[in-house]
Every structure is written in C-alpha cells, then in structure tokens.
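Student: The numbering of the sequence shown is the working numbering, which starts it at 199 and goes up by one.
Simulated from the structure, these hints should not be mistaken for lab results. Mixed in with the good hints, there may be bad ones.
What the hints assert, rightly or not - Listed next, with one range per pair, are the computed distances between beta-carbon atoms:
| hint | residue 1 | residue 2 | range |
| --- | --- | --- | --- |
| 1 | Val213 | Ala240 | 31 to 39 Å |
| 2 | Pro301 | Ser228 | 21 to 29 Å |
| 3 | Phe346 | Leu288 | 38 to 46 Å |
Since we're looking at a predicted model, the values are computed, not measured. Backbone N, C-alpha and C fix where the C-beta goes; we use that ideal spot for every residue, glycine too.
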Amino acid sequence: MLRKYRMGFDLKALVLFLIIMLPTWVWASSPAPNDVLRAPSATPVLDGIGTACQVVFLFVLCAFLHQNRRGTTIGPLLVLCIISALLYYLGWGLYYAGLTSWPVILLMTLPPCLAFGFYALHQRCCIALVPIGLFTVCHMVGAMGNHFG
C-alpha cells in the first residue's frame with residue numbers, strides 16, 4: 199500500500215490546516231460573547247487522543263504524496279473541501295454572534311473534519327483517512343459531551 203506513496207511536502211495541505219485553524223487562534227486571543235468553549239473539558243483524555251490524531255493526519259497529509267495525486271486540478275472533492283471550510287467559518291461567525299446551540303457547535307466540529315477528509319480523498323492520500331476518521335470521532339464526541347452531554 200505504501201508503495202504508491204513517496205515522501206515529499208504538500209504545501210496546500212499545510213495551507214488548508216492553517217486556514218482551518220485560523221478561527222481557533224482568533225478565539226484564543228479574542229473570546230466570543232457567551233463563550234461556552236472556555237469551560238474546562240469533561241473529556242480531557244479524548245481531547246488528547248484527538249490532538250495526537252490531528253498531528254498524525256497533518257503529518258501524513260503533508261509528507262506522504264500519492265504517485266497519482268491530483269495536484270491543482272479542481273474536482274468535486276476539492277469543491278466539497280472548500281464548502282466544508284466555508285461552513286466551518288459560518289459556524290464561527292454564528293458563535294461570535296452569540297449563538298451556542300448544538301447546530302452551531304456542530305458547524306464548528308464536523309465541517310473542518312470533512313474538509314480534511316475531502317482533501318485527502320482529492321489528493322488520493324487514503325492513508326490519512328484513518329487518523330482523520332479517529333480525529334473526527336474524538337472531536338465530535340468531545341464537542342457533544344462537553345456542551346450537550
């Protein structure tokens with residue numbers, strides 16, 4: 199399976215990660231009104247596992263390049279990646295507008311995971327799907343457990 203990959207560096211994967219992380223960094227420096235995300239986590243172990251999965255999937259997306267990856271071609275998976283990122287930003291916008299209902303928290307948790315998954319599929323980096331999937335489960339369960347459990 200790894201024979202179809204070569205080591206390299208995918209700058210677009212890193213840029214996607216930075217774009218996805220930008221609202222989190224803004225939030226860290228400028229709290230939102232009605233900031234329910236600042237409460238102590240009820241799932242610290244799960245959060246740690248999720249962070250480890252995030253580091254692994256970022257490394258895999260950036261460093262393992264499939265020999266038949268699509269590069270700059272815009273296809274349906276890349277469009278879905280972009281739509282997912284836009285939905286994520288919509289969630290943050292609603293959160294900063296003071297909304298903290300479960301659909302808003304869902305917009306802040308699921309779309310970024312989907313964006314990474316769609317990007318991995320677009321670039322045929324299927325080995326990244328395992329840590330992305332594990333991160334998604336940790337991120338979703340943690341978010342729902344912390345805010346609606």
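Student: For this structure, which hints from the list above don't hold up?
Tutor: The structure conflicts with hint 3 only, although it agrees with all the remaining ones.
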